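Whenever a hint applies, use it, and build me the whole structure from the sequences.
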Amino acid sequence: MTGADAGQAGSLPATGDVVAEATYHLTRDSLVRYAGASGDFNPIHYRDDVAEGVGLPGVLAHGMLTMGTAIQPVMEWLGTRGRVVEYGVRFTRPVVVHPVDGASITVTATVGKVDAAASEVRIDLTVSSGGSTVLGKAQVRVALDS
Amino acid sequence: MPVNPDLQGRVFAPVPPYLVGREKIREFATAVQAIAPVHFDPAIAVAAGYPDVVAPPTFPVVVQEATLAQLLAEPDAGIDFSRVVHGEQRFAYTRPVVAGDELTATLTVTSIKTLGGNAMVTAESAMTAADGSHVVTATSTLVVRGDS
Numbered sequence: 001m002t003g004a005d006a007g008q009a010g011s012l013p014a015t016g017d018v019v020a021e022a023t024y025h026l027t028r029d030s031l032v033r034y035a036g037a038s039g040d041f042n043p044i045h046y047r048d049d050v051a052e053g054v055g056l057p058g059v060l061a062h063g064m065l066t067m068g069t070a071i072q073p074v075m076e077w078l079g080t081r082g083r084v085v086e087y088g089v090r091f092t093r094p095v096v097v098h099p100v101d102g103a104s105i106t107v108t109a110t111v112g113k114v115d116a117a118a119s120e121v122r123i124d125l126t127v128s129s130g131g132s133t134v135l136g137k138a139q140v141r142v143a144l145d146s
Numbered sequence: 147m148p149v150n151p152d153l154q155g156r157v158f159a160p161v162p163p164y165l166v167g168r169e170k171i172r173e174f175a176t177a178v179q180a181i182a183p184v185h186f187d188p189a190i191a192v193a194a195g196y197p198d199v200v201a202p203p204t205f206p207v208v209v210q211e212a213t214l215a216q217l218l219a220e221p222d223a224g225i226d227f228s229r230v231v232h233g234e235q236r237f238a239y240t241r242p243v244v245a246g247d248e249l250t251a252t253l254t255v256t257s258i259k260t261l262g263g264n265a266m267v268t269a270e271s272a273m274t275a276a277d278g279s280h281v282v283t284a285t286s287t288l289v290v291r292g293d294s
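These protein sequences, in sequence, are chains A and B. Counted the way this note's numbering counts, the first sequence spans residues 1 to 146. Counted the way this note's numbering counts, the second sequence spans residues 147 to 294.
None of these hints come from the bench; they were simulated from the model. Quick caveat, the model's predicted, so the values are computed rather than measured. Each residue gets a CB set at the ideal place from its N, CA and C atoms; glycine is no exception. Certain hints may be false.
Stated by the list, open to error - Here are the in silico distance ranges between beta carbons for each label pair: (1) B:GLU169 to A:THR106: 39 to 47 Å; (2) A:GLY16 to B:THR240: 38 to 46 Å; (3) B:ILE181 to A:LYS113: 23 to 31 Å; (4) A:VAL32 to B:GLY167: 30 to 38 Å; (5) A:GLY79 to B:GLU220: 29 to 37 Å; (6) B:ASP277 to A:LYS137: 45 to 53 Å; (7) A:SER146 to B:SER257: 33 to 41 Å; (8) A:GLY130 to B:ASP277: 42 to 50 Å; (9) A:ASP48 to B:PRO197: 42 to 50 Å; (10) B:THR240 to A:ALA117: 18 to 26 Å; (11) A:GLU21 to B:SER228: 16 to 24 Å.
Unchecked claim - Computed list of chain A residues with no C-beta within reach of chain B, every gap over 12 Å: (12) GLU21; (13) HIS25; (14) GLU52; (15) LYS113; (16) ALA116.
Quick look at the structure:
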């Protein structure tokens, strides 16, 4: 247990608490970096001509990049005083990444359910880009150290 | 060719073990804008009780990919990759992935449903460590669009 986390040890948040909020900026560079890190080299994530050729509104962020980024505020809130037990999302709307302006993803993490007996908390993520929700039923279940 | 309903319940051969590298974890963590020191600094990871740097939660998708490639390549599956959209993704963890893990992933097709003209294929990739213990199961639902 680190000093920064010690003050919260043993206390559970309450349903409805917003535990974290953050905005992340994605650029085309972010997509190329994620392609290399993940091994997903589908060209719709870096080539405008390919994206447009299959009828997309533009180059899209990898759904898994959005998913992977959206949990980061929860990880920062959680620190080393617990662990993620489950994380799931539905991909409801693509994130179009403009070649110059990129795209922003805004995440709000709210406590959806508290299981005090198991020391488990379900965190519900609201994830939006350009004013539209991009992930549905985005939920993280975390177990807190007792 | 439509998606073959007989795929439901099919278990594939395990893919060759994936050795999780420290630099790969750092690279992946940077790509998803993770900043926690446990992803980057082995000493901090050890102090937190882990054997080495800890992978971000969605890292297992890197290992899962080879299993989904098996599914798409299955001759009788009837899954046209150009019509596939990633619908849902879930990870269920026994513990976080750490550098040094040698993960063996085994794919099972758990559900095939048709909805309108589309097929929904759900497949889970169970990943075990070298000692056979469960680490994480990654579950994907792929939407295969029908002829338009």
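Evaluated hints:
Checked against the given bound of 39 to 47 Å, the beta carbons of B:GLU169 and A:THR106, roughly 31 Å apart, lie outside it. Against the hinted window of 38 to 46 Å, the Cβ-Cβ separation of A:GLY16 and B:THR240 comes to about 30 Å, which falls outside the hint. Separated by about 27 Å at the C-beta atoms, B:ILE181 and A:LYS113 satisfy the suggested range of 23 to 31 Å. Remark: the range hint 30 to 38 Å for A:VAL32 to B:GLY167 is contradicted by a beta-carbon distance near 20 Å.
Between A:GLY79 and B:GLU220 the C-beta distance comes to about 42 Å, which lies outside the given range of 29 to 37 Å. For the hinted restraint 45 to 53 Å between B:ASP277 and A:LYS137, the CB-CB distance of approximately 34 Å leaves it violated. A hinted range of 33 to 41 Å for the beta carbons of A:SER146 and B:SER257 is consistent with their spacing of about 36 Å. About 46 Å separates the C-beta atoms of A:GLY130 and B:ASP277, a value consistent with the hinted range of 42 to 50 Å.
For the hinted restraint 42 to 50 Å between A:ASP48 and B:PRO197, the CB-CB distance of approximately 44 Å keeps it satisfied. For the pair B:THR240 and A:ALA117, the supplied restraint of 18 to 26 Å holds, since their beta-carbon distance comes to about 20 Å. A hinted range of 16 to 24 Å for the beta carbons of A:GLU21 and B:SER228 is inconsistent with their spacing of about 38 Å. A cut-off of 12 Å between C-beta atoms confirms that A:GLU21 is not in contact with chain B; the least separation is 15 Å.
At roughly 9 Å from the closest C-beta of chain B, the C-beta of A:HIS25 falls inside 12 Å, breaking its exclusion from the interface. Against the 12 Å criterion, A:GLU52 stays outside the reach of chain B, whose nearest CB is about 15 Å from its own CB. Distance to chain B confirms A:LYS113 as a non-interface residue, since its nearest Cβ pair spans about 17 Å, more than 12 Å. Even its closest Cβ contact with chain B, about 21 Å, leaves A:ALA116 beyond 12 Å, as expected for a residue assigned away from the interface.
Hint compliance for this structure: hints 1, 2, 4, 5, 6, 11 and 13 are broken, all remaining hints hold.
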